[in-house]
Each structure stands twice: as structure tokens, then as C-alpha cells.
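Hints in hand, dock the two standalone chains.
Going line by line, the protein sequences match chains A and B.
Using our numbering, the first residue of the first sequence is number 1, and each one after it goes up by one.
Using our numbering, the first residue of the second sequence is number 160, and each one after it goes up by one.
In short, the hints are calculated from the structure, not lab data.
Please note that a few of the clues may not be correct.
[Stated by the list, open to error] Cβ-Cβ distance ranges computed for the label pairs, FRET-style:
no., chain 1, residue 1, chain 2, residue 2, range
1, A, 39, B, 328, 51 to 61 Å
2, A, 64, B, 198, 41 to 51 Å
3, B, 198, A, 57, 47 to 57 Å
4, B, 286, A, 119, 19 to 29 Å
5, B, 257, A, 77, 22 to 32 Å
[What the hints assert, rightly or not] Far from chain A, some chain B residues (derived; all Cβ distances over 10 Å):
no., residue
6, 193
7, 197
8, 199
9, 207
10, 219
11, 224
12, 227
13, 239
14, 242
15, 244
16, 246
17, 254
18, 256
19, 288
20, 327
21, 335
From the three backbone atoms N, C-alpha and C, an ideal C-beta is built for every residue, glycine too.
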Amino acid sequence: MGWEKYFLASVGFLFIMIFSLSLVNSDDIMVVEANFQGYAERISIEVPDYLYLGEVTRDNPVSEEINIKVNDTGNIDAMVIPTLSSDSPEVFNYLYFRKYKTSNGTNVIPTRIGSFEVNVSKHSSTSFYMSLNLTDFNGTLNSDNLNLNSSVQFLGIAR
Amino acid sequence: MKIVAFLFVFIFLLSFSSALQIGVSPAHLTLSSEINKKVCSKVVVDSDRQITINIEDKWGKIKSKNINEYNFSAKDVGVEIFLPEPFSIDKTKEIEICFLTKKSGKYYGLISFNSGGGFVGVGQWIEINVRNNFLPKSLTMTGATIGVKKQSIKYFLIGLTFFLELGLLYLLLKLKNKSRTKLV
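With the rest of the complex left out, here is chain B (with noise of 0.2 Å):
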């Protein structure tokens, strides 16, 4: 009688003693994109019993840690945000994430990862920095330029040695004729 009255002790303090994890990698997303280009990231939710996540996203103006600076939506700072629908999972899963902008700056957001009751949840910081693609672009092809250029120089020196040896070849079989009539 003592060990099931301690059983159901036992089960009611184990109960109230229930708890959820739940986790992202990486903490902090860092990304760099350019205008009207869509840059994508996976990310690792996990936690220790099959529940529902649901995503949502916050944004802020400014770079900070203090959650209140995010009040704005995507729409509001113009970041188009590609999420997934609420998703279960099961320990773990790898998701995607993508944002594409129409402008050039820095964006800072929170994306939460909250519990399918909604009481417990993770947050990642958000970093973007789009590059007006019009600079780096004439750097580039800059940058390809000089490549070509190097490729052009190192194959013309190639066929360049390439002929002259043929030309060498060419020049001695020719000796070789000349001396034979020479012999005849």
C-alpha cells in the first residue's frame, strides 16, 4: 500500500516537474546579399519532444539586444521574408530561411521559434547587409577582367612556347633534308 501511495506521489511531483527545450543553431545569422537577390540559410531547430513550431519575425532599425527595438515587420523596413509554414518536428530539423530586399543597407531582425503552445520559445538575431549590386558588380567584371587577362597571358605564352617548338621541329627537318642532299 506504502509503494502505490509513493508511486502516485511520484508521478504527481514528476507532473509538475515537466519542462520543454527547445533550440536553434546558429544563434546569430549573419548574411550578406545584393539588391533584388534572394539569400537563403538553413537552420537547426531541435528540442527534446515532438512539438509544433511556429516561426515569426521581428524588426528593428538600429542593431541592438533589447527586444522592444523591434517593432517593425518585414514589409515596414522592406525585406521580403521566405518562411516556413508551422512545422512539427521530432529532436531535430533543418529548415531553410530567405530574405530578398529591393534596397541596399543593413537590416536587423529577430526571428523566434516558438513552442506550439506558445509558452516557451528561441530567438535568433538577424543581420543583412545588402550591397547596392550596381558598385560591386563593375567590380566584378573588374576582377573577371583581370582574370582573363591573366588566363589570356598565360595561354598565349604557352602556345607562344607551344610554336616556337613546332617552328624548331620544322627548322631541323629541314637541316636534315639540306644535309642529306648535301650527302647526295
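Next up, chain A with everything else stripped away, as it sits in the complex (with noise of 0.2 Å):
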């Protein structure tokens, strides 16, 4: 009979709609997932951790100049920054840094801390000369003989 055929049609048409929608019920996206590990940027530094500029006098008031080496061991371009914490004797304030001592031919004269930085590439290091000169220091100190130290602060950066 003709609409017994129908009725198995429409039945049929039915669980397949019941069943499509099961699968169709998703929200029509795939979620594509993966753990990224070692691309983020990375800024990181190593500097020696303890330097020390010698004896300073009222008759020779620049100490001796030393070099530092500073290593980029991040993934990106840094600077690096001299600063002074604010708890710093005052004396501090007249360190001196230079990245060359010449420059064709001529002496450079050194910047004082506060305007200096010097860039370092990824992977890479490089050095740079520090000195201490009270020429233009007119304070006076507690007491002579006196062993200052005070937190100079090398902070890197990304460029």
C-alpha cells in the first residue's frame, strides 16, 4: 500500500533528524589546541655581582676605571641601565661610564649615571668601563678611611 511506504519514509526521515542533530549539535567549530613553550620574549641579564673601584682621595678624587661585562642571556635585545637606589650616598651620584675609553683618536669623555645605557644583542655580551670621580663633589664624608658600598644597580630592559 502506497502510504505505508510514506509512513517508513517519514519515520526514517525522523530518527535521521534526531540523529543529525546529535552530531550537528558541536556549534559547527573545531577546537584546535597545542601548548606553545620557549616563544614568549624573555629578557634576562647576568652582571658581576660585586665591583670594586679602589681608593678615592681628596688629592686623587677619580678612582680607577674597571670594566664590566654585561651578558644578554634572554631571547631579545636589551638594554642595560645603570641606575642608584635612593638610598645611595651621595657620593655615588659622580659614577662615571663610558663604553670606549677612545673613539678615533680622541678620548671619550664619560657619562654620568643617571644618562647612560648601553645596548646588548640577544645571545651576546658586552663591556663597558665605570669610575668613580668626586672632582665636583664638594660634600664631606662621616669620617675618613670610610668603606662606602652602595647598591648600583645594573637594570635591563627590552629595547
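Structure (C-alpha cells):
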């Protein structure tokens, strides 16, 4: 009979519809997930943890000039900036830096702390010079033969 | 005797070549937020030895890579910052930093992670874009409404097909009964 065919067909269609509904209900998108590691920009520097500038006297107010090596151990280019902590003794405001001692045969004038920065490329190292020059320092210290130390911080930041 | 002397010289030189390495990832932190909505980010700090880390933050009025432009406190620029207390790290540690603002706009900061002695630190540039949540909220609502409409149409069509199918089945059953009665 004709109606039986239609009946079976519509029942079949109903089942197919319910079945396909359960398949399509995942909201039509495929989620792709991966765990990425080591791709983030990482700033990292390595600096000496102790620097001794030697003896500074009224007659000889300039310390020896020491060479400081800085490594960029991160995966981006960095700039390294020497800064002073707020509680540092005033004399350390007279720290001077220069990348090279001479350039094209002329003496490179050192830059005072606060205005000096040095660039370091990733996975490489650079060096610069630091000295203490108290020629313009008119203040006094609590006593002679004083061993002062200061927290000169070498701050590495992304360029 | 020579070996002992060499050993002494070696240890002496070793003590002078001591260096500290400290790192932070990511180097730039760019965040988007809304007014009065706390936004947080994970930061990984690492070092080559066990040290204490102190965190400091400075803020600027303009986007710059000159640290002298960062002379303001978080309070000055209207940012509430949630930083962990000084903490000890052994090789590496993941921390969370959060920010909250009461006004929309762009905020530029520099967070430095300093070693306990303070002689080495690494800085992380911060940029926070805070939207005025009035406008985006209405947009979100519009989006949601469109979403609801889309869903409604989908379910309406499914429901309609289902009921039409049931109607068809009912009619077919009725046709079956009619043909039976005709036979009787």
C-alpha cells in the first residue's frame, strides 16, 4: 500500500533528523589546541655581583676605571641602564660610564650615572667602563678611610 | 705546594668572576581591560641561584622606552597594582600581577624585578588599554542579541521541521485508518 511507504519514509526521516541533530550540535567549529613553550620574549641579563673601585682621596679624586661585562642571556635585544637606589650615599652620584675609552683617536668623555645606557644584543655580551670621579663633589663624609658601598643597579630592559 | 698555590689563585679568581643572572618573561606585557575590572597576567621570573626578588613599579604619562619618563607612582596615574611581596626563587617561579583602573585610557608602566642586594634587575614594559565599558557593553549586548536571534532561528527551524514531521506521521496514520475502514 502507498501510505505505508510514506509512513516508513517519514519515520526514517525523523530518526535521521534526531541523529544528525546530535552530530551538528557541537556548534560547527573544530577546536585546535597546542601548548607553545619557549616563544615568549624573555629579558635576562648577567652582571658581576661585586665591583671594587679602589681608593679615592682628596688629592686623587678619580678612582680606577673598571671594566664591566654584561651578558644578554635572554632571547631579545636589551639595554642595560645603571641606576642608583634612593638610599645610596651622595658620592655615588659621581659615577661615570663610557663604552669605549677612545674613539677615532680621541678620548671619550664619560657619562654620569642616570644618563648612560648600553645596548646588548640577544645571546651576546658587551662591556663598558665605570669610574668614580669626585672632582666636583663638595660635600663631606662622616669619616676618613670610610669603606662605602652602594647599590648600583644594572637594570636590563627590552629595547 | 705548587698545586695548593694554584688552587688558591683559582679560588681567588673565581670569587672575583662571580656574576648573577636574572630574567623575566614576558619582556612586554600588553593587557586590555575595562574600567573597574581587575586584569591579571602570569609572569615567570628566573635566576641562576637562590635569591630574593623585590618588585618595583614606575609609571609614565606617555609611551616611551626612556626610563626617565617613568617618574610616577601607580597611584599618581590612577592604577591599582597587585604585586606579590618580596619572594624567594630557586631557579624559576611563576607569579601573578594584577591591575585595576577607575578610568579608561592607556597606561604605561615599567615593573622591575630586582635581586635582593639590588645590584641587578630586569624590567618589564607594561601597556594597559582600558576601555570605557559603557560602549563595549552595549556592543556586547547587541552581539549577544544577534547570537540569541541566530540560535532562536536555528531552534525554530528545527522545531518546525520536527512538528511538521509529526503532523505528517499523524496524517499518514489517519490515512491508514481511513483505508482500513474503507476495506471493512
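How the hints compare with the structure:
1. Distance hint check for residue 39 of chain A and residue 328 of chain B: the Cβ-Cβ separation is about 58 Å, which falls inside the suggested range of 51 to 61 Å.
2. Range check, residue 64 of chain A to residue 198 of chain B: Cβ separation about 49 Å, and the 41 to 51 Å hint holds.
3. For residue 198 of chain B and residue 57 of chain A, the Cβ-Cβ distance of about 55 Å falls inside the hinted range of 47 to 57 Å, so the restraint holds.
4. Residue 286 of chain B and residue 119 of chain A have their C-beta atoms about 22 Å apart, which keeps the hinted 19 to 29 Å range intact.
5. Between residue 257 of chain B and residue 77 of chain A the Cβ separation comes to about 29 Å, which falls inside the hinted range of 22 to 32 Å.
6. Taking the minimum C-beta to C-beta distance to chain A, about 25 Å, the non-interface status of residue 193 of chain B holds against the 10 Å cut.
7. For residue 197 of chain B, the requirement that its beta carbon stay farther than 10 Å from each beta carbon of chain A is met, with the minimum near 22 Å.
8. For residue 199 of chain B, the condition that its CB be more than 10 Å from all CB atoms of chain A holds, with the nearest at approximately 16 Å.
9. For residue 207 of chain B, the requirement that its beta carbon stay farther than 10 Å from each beta carbon of chain A is not met, with the minimum near 8 Å.
10. No beta-carbon of chain A comes within 10 Å of the beta-carbon of residue 219 of chain B; the shortest separation is about 13 Å.
11. In this structure residue 224 of chain B is not separated from chain A by more than 10 Å, as the shortest Cβ-Cβ distance comes to only about 7 Å.
12. In this structure residue 227 of chain B is not separated from chain A by more than 10 Å, as the shortest Cβ-Cβ distance comes to only about 8 Å.
13. Separation of residue 239 of chain B from chain A is adequate, the least Cβ-Cβ distance of about 23 Å exceeding the 10 Å criterion.
14. Its beta-carbon lying about 17 Å from the closest one in chain A, residue 242 of chain B satisfies the requirement of being farther than 10 Å from that chain.
15. With a least CB separation of 19 Å from chain A, residue 244 of chain B remains clear of the 10 Å interface cut-off, as annotated.
16. With a least beta-carbon separation of about 18 Å from chain A, residue 246 of chain B lies farther than 10 Å from that chain, consistent with its non-interface assignment.
17. Remark: the non-interface label on residue 254 of chain B is consistent with the geometry, its nearest Cβ contact in chain A lying 15 Å away (cut-off 10 Å).
18. Every C-beta of chain A lies more than 10 Å from that of residue 256 of chain B, the closest at about 15 Å, which supports listing it as non-interface.
19. Look at residue 288 of chain B: its CB is around 19 Å from the nearest CB on chain A, clear of 10 Å, so calling it non-interface holds up.
20. Against chain A, the non-interface label of residue 327 of chain B is violated: not every CB pair exceeds 10 Å, the least being about 5 Å.
21. Non-interface status of residue 335 of chain B relative to chain A is broken: a Cβ of that chain comes within 10 Å, the nearest being about 6 Å off.
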